[in-house]
Structure formats: structure tokens, C-alpha cells
Amino acid sequence: MNTANTNGTAKVRSRGLEVFYGEKQALFGVDLDIRSGEVTALIGPSGCGKSTFLRCINRMNDLVDGAKVNGSLTLDGDDIYHREVDVVQLRAKVGMVFQKPNPFPKSIYDNVAYGPRIHGMAADQAELDEIVMTSLEKAGLLGEVKDRLQESGTGLSGGQQQRLCIARAIAVEPEVILMDEPCSALDPIATAKVEELIDELRDNYTIVIVTHSMQQAARVSQRTAFFHLGKLIEMGDTEQIFTNPQQPLTQGYITGRFG
Amino acid sequence: MSDHTVKSYDDELAHLTAIIARMGGMAEAQLSSAVQALANRDDDLAQRVIVGDTRIDELDNEVQTFAVRLLALRQPMASDLRQIVGALNISGEIERIGDYAANLAKRCLILNHLPVSASVAGVVRLAELVRSLVKDILDAYLERNLEKAIQVWSRDEDVDAMYNGVFRDLVDQMTEDSGTITAATHLLFIAKNFERIGDHATNIAETLHFQILGTQPKGERPKGNTIGVPK
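Chains as they are written, first to last, in full-length UniProt numbering: chain U, 1 to 259; chain B, 1 to 231.
It should be emphasised that the hints constitute simulated quantities derived from the structure, not laboratory data.
In this text the structure is predicted, and so the values were computed from the model without any measurement.
Each residue gets a CB set at the ideal place from its N, CA and C atoms; glycine is no exception.
Be aware that one or more of the hints could be misleading.
Quick list of simulated restraints, FRET-style, between CB atoms [unchecked claim]:
1) 158/B <-> 204/U: 41 to 47 Å
2) 216/B <-> 62/U: 46 to 52 Å
3) 185/U <-> 51/B: 40 to 46 Å
4) 175/U <-> 3/B: 40 to 46 Å
5) 78/U <-> 213/B: 38 to 44 Å
6) 18/U <-> 92/B: 47 to 53 Å
So, partial list: chain B residues that the calculated Cβ filter (under 8 Å) puts toward chain U [to be verified]:
7) 28
8) 78
9) 128
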């Protein structure tokens with residue numbers, strides 16, 4: 001395996017990470033470093049473990065019955081699975097955007113204000129307004145919704161809903177943003193807007209994205225990791241993975257020969 | 001490598017290679033005919049070479065169009081991407097080789113009507129060497145034979161050495177007998193063009209290396225001095 005992925009400082013670092021769902025092993029000894037200031041794409045056929053890996057980072061797998069995690073996974077050197085870790089605090093640091101836009105059935109304003117409220121991030125209404133506006137602005141949505149902040153978030157178009165979800169994730173000032181196929185339910189224009197947004201966000205956040213679109217991985221990420229049957233097969237600079245992959249499995253997958 | 005899940009993609013890649021194979025075969029034949037026309041002072045053959053170049057140009061266009069289509073419709077990755085980009089490149093190189101064959105044929109038409117006053121033997125020997133290089137690199141392309149490609153790549157130096165020899169002979173002929181100047185000058189250009197064809201064969205070898213391994217050949221390109229002066 002390419003060992004270049006284990007150099008330098010990593011925001012998120014996994015070593016020998018294994019995940020079991022009951023009897024079934026979903027991840028086998030994954031060593032992977034995710035650097036800050038970069039977008040890391042996780043690719044691979046369905047069932048390869050890429051989403052499982054993603055969901056370990058904010059402990060979403062805790063919600064799955066019978067899920068068990070072995071090995072080490074750290075955020076800034078701190079064990080994510082340490083028994084004293086407050087999962088709510090962890091998820092404030094590690095935000096997540098899902099495949100299908102899932103705004104709360106609340107107003108646009110309240111969708112974004114929800115996190116800051118429960119984390120007590122704003123001292124007064126003015127401060128909360130500031131957080132909401134800044135988050136919508138960063139998510140590239142403010143211009144489109146500033147005159148209807150009290151309307152329901154579910155009334156927006158799919159692409160706008162997804163950017164609202166990104167605004168909601170940003171509002172609690174996370175350090176890492178996980179995205180699980182964030183554009184698979186969006187049309188090409190909305191997809192382009194989200195991709196543009198990802199590019200803008202990467203200066204301030206560490207972004208990990210799972211995608212089935214090879215072109216999307218190529219467009220938005222600086223590093224790409226290819227998973228197959230629960231193993232990390234190859235990790236490298238995105239350009240290298242898509243022009244000159246070193247592993248036959250990677251080659252076969254990205255050129256459309258299996259998977 | 002195993003087949004693509006979408007079978008028509010394999011057919012299209014094979015089609016691209018087939019067009020280039022056809023182009024390569026034609027360029028090789030054009031070169032042979034042009035050299036023969038030169039050696040035998042054969043106007044008819046030279047004329048056929050000049051006309052025949054159009055077909056190579058057409059095939060080059062066909063490769064460009066088809067490759068662009070593949071890029072747009074298949075969004076190729078990795079080895080497929082390298083194969084298609086390489087095909088664009090190689091097609092251009094073969095097209096240039098075809099142009100040189102046609103240029104040689106045009107000069108034949110002039111040379112054939114001059115008195116036999118300059119020896120063409122050296123140029124013909126150089127032409128044979130270069131033609132064998134072109135043949136080998138096209139074979140290497142079809143067989144995807146990296147070793148053969150690297151052999152061609154390293155033989156370019158021989159071409160350069162022989163070119164320098166031919167250059168000096170022609171200059172000697174001109175110095176001894178000013179009546180040979182017109183013919184010898186054409187032959188100098190012809191020799192230079194063959195030296196260039198050798199470079200195109202080398203370029204194809206480099207592209208082939210990139211197609212197969214994803215990298216350029218390592219080390220300095222073997223390069224003789226090609227300005228007609230001994231080292």
C-alpha cells in the first residue's frame with residue numbers, strides 16, 4: 001500500500017481501524033490520514049466501507065445496533081472513541097451533511113439557529129442573528145433566502161435545501177465537515193453550486209466527502225482514498241489516483257471495469 | 001486488462017487503435033514508396049505518394065473527432081484516459097511523418113529531372129534506417145510493447161549519427177563539384193526531414209511509455225548532435 005498517506009500532520013488519523021456490524025466485518029485495518037485544509041474524497045463500490053469509515057469520524061455508527069469499533073481513530077491526536085468523549089461535543093466539532101437534504105420542518109432561520117441554540121453559542125438575539133446570517137452567507141445561500149428567513153426550510157428547492165443543511169452544519173463552527181454523497185439528489189446546477197461551496201470551505205474546514213461520482217471526486221478533492229471490500233486499497237493525490245493509479249483494483253474501478 | 005462493464009466502450013477504444021494502425025500502415029507505405037521513387041527516379045510513384053497524403057490527413061481528422069467524442073461521452077479515467085490522449089498525440093506524429101513522405105516525393109519530382117550528379121546512396125541508407133524505426137515503433141504501439149518502444153527511443157542516436165555522415169558527404173560533393181549544388185541541397189533537406197521523422201518516432205515511443213506506465217521515459221533523451229558538425 002502507498003505509505004505516503006501516513007506522513008505529516010493529520011487532522012484525523014486512523015490506525016488499524018476495524019468496524020464490525022454484529023458478525024459482519026465492515027472495515028479491515030484501515031490506516032488513513034486526513035489532512036486539514038484539504039478535501040479528501042472516499043470512493044469505492046457500494047459496501048466497500050467508505051461510508052462506514054466516514055461515520056466513524058463523528059461516531060454515527062454508535063447508533064447502529066451491534067456496531068463495534070477496534071483500532072485507533074483520533075481527531076487532533078485525541079481518541080474519538082475514548083469513553084469520556086462527549087458525543088454531542090464531538091458532533092459539534094465534526095459536522096455532517098447527508099445524501100438527501102434533511103432540513104428540519106422549521107423556518108430557514110430556525111434550521112440554522114438550532115445548533116447554536118442548543119450549544120449556547122449566542123448570548124443574545126443579535127449574536128444569534130449574526131451567526132445565522134454568516135452561516136447562510138458562507139453556504140452561498142443568503143442572497144436567495146434573505147427576504148424569507150421565516151419561511152419553511154422544506155419549501156426550498158433540493159439544491160437550496162442541501163446548502164441550508166451545509167449552513168446548519170457550519171453554524172456550530174465545526175472543524176471537520178463530513179459529506180455523504182451530498183449531491184446525489186441534486187441536479188447538475190445545484191451540484192456545481194455545492195462543489196463551488198466545498199472549494200470555498202476547504203480553507204477553513206477539513207472536509208471528507210463520500211461520492212459515487214468519480215468526476216466529482218476528481219473535481220473537488222485534493223486527496224482520494226479508494227476502498228474495496230472493507231479495505232483501503234490506495235490513497236494518494238487525486239490527480240495521481242485518476243491519471244495513474246498504482247493498484248490494479250483502483251484502476252479497474254475508476255475506469256469502469258468492475259463495481 | 002479485463003473488459004469494461006459497458007462493452008461498447010471497449011469497442012470504441014479498439015476502433016481508435018484500429019484507425020491509428022491504419023494510419024501507421026499508410027505512413028510506412030508512403031515512406032517506402034517515396035524512398036523507392038527517389039532511388040529509381042520514378043515520377044509516377046512520387047506522384048502517387050503526393051496524392052496519397054490526403055488519406056492520412058483524413059484519418060488524422062477521424063482520430064481527433066473520435067477521441068473528442070470519447071472524452072465527452074465516456075469521461076475516461078486512468079489508463080483509458082492515457083490511451084485516448086496518447087492516441088491524439090500519436091495520430092499527430094504519424095500525420096507529420098506522412099507530410100515528410102509527401103515532401104520527399106515532391107523533391108523527387110525535381111531531382112528526377114536534374115542530371116544524376118549527386119549520390120543519393122547515403123540518403124537512401126538513412127531513409128532505410130528511419131523507416132525501420134517507424135515500423136518498429138508502430139509495431140510496438142500495436143503490441144503495446146514497452147521494451148520495443150524503448151529500443152526505438154534509444155536508437156534515435158544512430159539516426160543522428162548517420163544524418164551527420166550524410167550531411168558531410170553532401171557538403172563534400174558540393175565542394176568538389178559545384179554542378180551538384182542544386183541536387184545536393186534538395187538531398188540535404190531530405191536527409192534533415194528523415195532525421196525529423198526519427199524524432200517523431202521517438203516522440204511516439206515517449207507517448208507509448210506514458211500510455212502504458214503513466215510516466216515519461218527516465219533520463220535524458222538520447223540525442224546526437226544534429227546540426228551537421230562532428231562532435
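Within 40 to 46 Å or not, the Cβ separation of residue 175/U and residue 3/B? Taking Cβ atoms as reference, residue 175/U and residue 3/B lie about 44 Å apart, which means the hint holds.
46 to 52 Å was suggested as the range; check whether the CB atoms of residue 216/B and residue 62/U agree with it. 49 Å, holds
Chain U contact restraint for residue 128/B - C-beta distance below 8 Å: 37 Å, violated
Range hint compliance [Cβ, residue 185/U to residue 51/B, 40 to 46 Å]: 59 Å, violated
With a cut-off of 8 Å, does the beta carbon of residue 78/B approach a beta carbon of chain U closely enough for the hint to hold? Holds: closest Cβ of chain U sits about 5 Å from residue 78/B, inside 8 Å.
Could you check the hint for me, namely that residue 78/U and residue 213/B are 38 to 44 Å apart, CB to CB? Once the Cβ atoms are compared, 42 Å apart, the range 38 to 44 Å for residue 213/B and residue 78/U holds.
Determine whether the Cβ-Cβ distance between residue 18/U and residue 92/B falls within the hinted range of 47 to 53 Å. Distance hint for residue 18/U, residue 92/B holds at roughly 51 Å.
Quick check on a hinted range of 41 to 47 Å for residue 158/B and residue 204/U, using CB atoms only. Roughly 59 Å apart at Cβ, these two residues miss the hinted range, so it is violated.
So, as I understand it, the hint says residue 28/B touches chain U; can you test that by seeing if any CB pair is closer than 8 Å? 31 Å, violated
Checked against the numbered hints above, the structure breaks hints 1, 3, 7, 9 and satisfies the rest.
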